[in-house]
Amino acid sequence: MKRIAGKKLVFFLLFSLLAAFPQIVFAFPDEGRFVFDEAGLLTEAEKEQLEYMAQELGAERETEFLILTANDTEELDLSEYIGKFYDAQYGTVATNPAGTNAAILALDMENREVEVAVFYKAEEYLNAARRGYIIEQITPYLSEGDFYGAFSIYLQSVYEFMGTEPGESPETDPLLPDPVMIGQEEPSESIFFQWWFHVIVSLIVAGVAVALMAHHSGGRVTVHSATYLNQSTSRILNRSDNFIRKTVTKRKKPQNNSGGGGFGGGSIIGSGGGITKGGHSFSSTRGKF
Amino acid sequence: MVIHYKCQNCGDDMVFDSNTGMLSCHSCGRRDRIEDLPEEFITARFTEDEAKEYHCQNCGAVLITEKSTAATTCSFCGAGVVLADRLSGDLAPKKVIPFTISKDEAVKAFQKWCRNGLLTPKGFMTGDRIKSITGMYVPFWLYDLNSRVQARAVCTKVRTYERGDYIYTETHYYDVFRDINLDYVKVPVDASKKMNDELMDKLEPFPYDRLKEFKTPYLAGFLAEKYDYTDDELTERAKGKIANYIESYLSSTFAGYHSVSYQQKSIHTNKTNSQYVLLPVWMLNYDYQGKQYLFAMNGQTGKIVGKPPLSSKKIAAWFAGIASGTFFILTVISQLAGGGF
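Line by line, the protein sequences give chains C and E.
In terms of the numbering used here, the first sequence has 1118 at position 183, counting the first letter as 1, and numbering is strictly consecutive.
In terms of the numbering used here, the second sequence has 1309 at position 180, counting the first letter as 1, and numbering is strictly consecutive.
Careful, some of the hints might be misleading.
As the list claims (entries may be wrong) - 30 angstroms max Cα-Cα, derived BS3-like pairs, lysine-lysine:
| # | chain 1 | residue 1 | chain 2 | residue 2 |
| --- | --- | --- | --- | --- |
| 1 | E | K1394 | C | K1181 |
| 2 | C | K1188 | E | K1286 |
| 3 | E | K1251 | E | K1241 |
| 4 | E | K1322 | E | K1223 |
| 5 | E | K1368 | E | K1232 |
| 6 | C | K1187 | E | K1286 |
| 7 | E | K1241 | E | K1442 |
| 8 | E | K1286 | C | K1185 |
| 9 | C | K1181 | E | K1223 |
If you are wondering where the hints come from, they were derived from the structure by calculation, not from laboratory data.
From a predicted model like this one, the values you see are computed outputs, not experimental measurements.
Build the full structure now, drawing on both the sequences and the hints.
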C-alpha cells in the first residue's frame, strides 16, 4: 500500500506538472499510436502527453498501453469492439501468431461504460482483481469528466502492475491495498468501524458498569414479582382475543448498489474473457461511470 | 410486666441461643425447649399505659427503655428482659422468626462482606471498626393481598414479507380482554418508625418456613421493638410494593403481541389478612474516618445491606479497566468483521 501510494504521489506530481503546462512536451511520439480518441474527449496537448507516457511506460514493460474512446461502437458490444480494434491494429493469429502484449482501456460514451482488456503477457499481470482496482480508481475521474486524469492514472497503474507479478490471491497481492484499509478511507463507512465510536461506547459501558457496581454496593433487592405470589390461586379468570382488522402497507425494496469486484466502490459490472475475431484470447473487466 | 428467665439449675440469666434455637444458660449449659415453656403471659391483657416504669427482676434497677422497646437487656446487671405488656393483647405478635445467626457469626460475615466489596476503600475492608452490633427483632406486618385486574387493550401483530420488488408489512389488530385474579401472600412491611424502610425492603426475602408461634423466650437476650404503625396505616405501602408486580404480570399475559395500547385498565387490591410478626435483624454501626455507617443483616439468611463508603481510587481503576478492555474488544471485533468485506 505504502509503496504504491509513494510512487503514485511522484507520478501524480509529475502529471500535475504536465497537465498544468501541456505545451512543454519532451518529445513528440509517433502520432496516434497509443491514444485513439474517437469520442474527442482530449485536447491535442493532453493527447500528446498521454501518447508520450504510453510510449515510454509501455516500452519499459514491453506491452502496448492503449487508450480507446468511442461515441459509437457500431452496435458492437464493447468487448467485441475492442477485439475488432486489436485485430485491426496488430493483425489476426494468422498474421501475428505470437500475439502482441497489450492493455487496452476503452470508453463507450454512449453507454457510459469503461473496459480494461488485456492480451498475452498483460493477461498474466493484470488479473481480474487488478483490473477491478484500476477501474475503481479511475471511475470517479471519469464520472467528473476528467478524462485526462483518469487516463494518466490508468497508464501509471498498468505500468506499476506490469512490473510485479500478482500474488496467489487479491489478499496476498503486494500491490493491491488491504480491503479493510480501503474501507476506512471511505467516508460512507459505518460508524461501527470508527475508532472514536469505539471510545464512546467503551466509556459508556465502563460508566454504566461502575455506576451499577456502586449502586449495588449497598445490597440489592432480591425479591421479584413471583416471590409473594400465590401461584395456586393467581390466574387468568377470563380472556378474549378478537381479531378486528388487518392493514397492509408496501414499500419498494432498497436498491443494493454495491456490485462485485470486492473493492467496495461498486462500479464494476463484471469480469470475463473472450477471443477476438482474429483469434487472440483476452481477459477484460468492465465498469460503469 | 417484666419477664426475666432464670436458670432452674443455677439461677443465672438465660438467653435465646441462635444455634440451637433453645433458651440456654451460659453458666451451667442448661437448655430449655421454648415450645415446652408455659405461655402464661402471651394472653394476659394490659393497656399500654398501665406500667410506665419497669424494674429489672434480677437486680431491681429501673430499666431504661424507649416507648417502643419490647425486649432489652438491663443496663446494670446485663440480664435479658422482656417487657411482656408491650407484647400482649393488640401488641402480641402472632409469629416470630428466631435468629439463626449468632453475634460472632454476624461479625465474621460482615467482615467478609466488607472485604469482598469491589469499590470499598482498603482501610474499610481491613479495619475492625464495628462500633456496636445489636440483635433486634423488628416488627413487621405481613399482608395477604388480593388483586382483581381487568384490562382491555388493542394489540397488534406485525408480519413482514417480500414479494417481487416490494416489502409488505401486514398488521393485524386485536381487541384483547383480560380478567385476572392475583393473590399475594405475606408481603412484609416494617412497622417500626426507627427503621429505614429502604434498608428493610432490601433485607427481604425472609424465609417464612421458619416462622414460629410467638413465645417471649425467643426474645431473651435481644432487643425487640413493638410496632409504631397499625396494619391499616401501612396497607397502602404494602399495595405500593406489589403494584409493579401486578403490572408485570398483566403485561406477561399479552405475550405474543408486538404492541399493546390499553383502552381501559382497572386494578382493585384488597387486604384479606394481616399478621404481626417479629423478624430478626442484626444492626451494625461502623466507624470509618469519623463517619458512621449503618448496616443491617438478615438474622436468618445473612444478607447484608447498607451503603458502604466508596473509594474514588477504586472507581477510577475499575472505570479505566473496563473502558480499555471494551475498547480493545471492539477494535478486535471490527478488525475481524472488517476483514470480511
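Verification of the supplied hints:
Only pairs whose Cα atoms come within 30 angstroms are accepted, and K1394 of chain E paired with K1181 of chain C is accepted, the gap being roughly 25 angstroms. About 22 angstroms separates the Cα atoms of K1188 of chain C and K1286 of chain E, which keeps this hinted pair within 30 angstroms; it holds. Pair hint K1251 of chain E plus K1241 of chain E holds up; C-alpha atoms about 13 angstroms apart against a cutoff of 30 angstroms. Annotation: proposed proximity of K1322 of chain E to K1223 of chain E holds, straight-line Cα distance about 20 angstroms (limit 30 angstroms).
A threshold of 30 angstroms between alpha carbons decides the hint, and for K1368 of chain E with K1232 of chain E the separation of about 34 angstroms lies outside it, so the pair is violated. Distance check on the hinted pair: K1187 of chain C and K1286 of chain E sit about 22 angstroms apart at the alpha-carbon level, within 30 angstroms; holds. Between K1241 of chain E and K1442 of chain E the alpha-carbon distance is near 21 angstroms, which keeps this suggested pair within the 30 angstroms criterion. With a C-alpha separation of about 16 angstroms, the suggested pair K1286 of chain E and K1185 of chain C falls inside the 30 angstroms cut-off, and the hint holds.
Between the alpha carbons of K1181 of chain C and K1223 of chain E the distance comes to roughly 58 angstroms, so the proposed pair goes past 30 angstroms and is violated.
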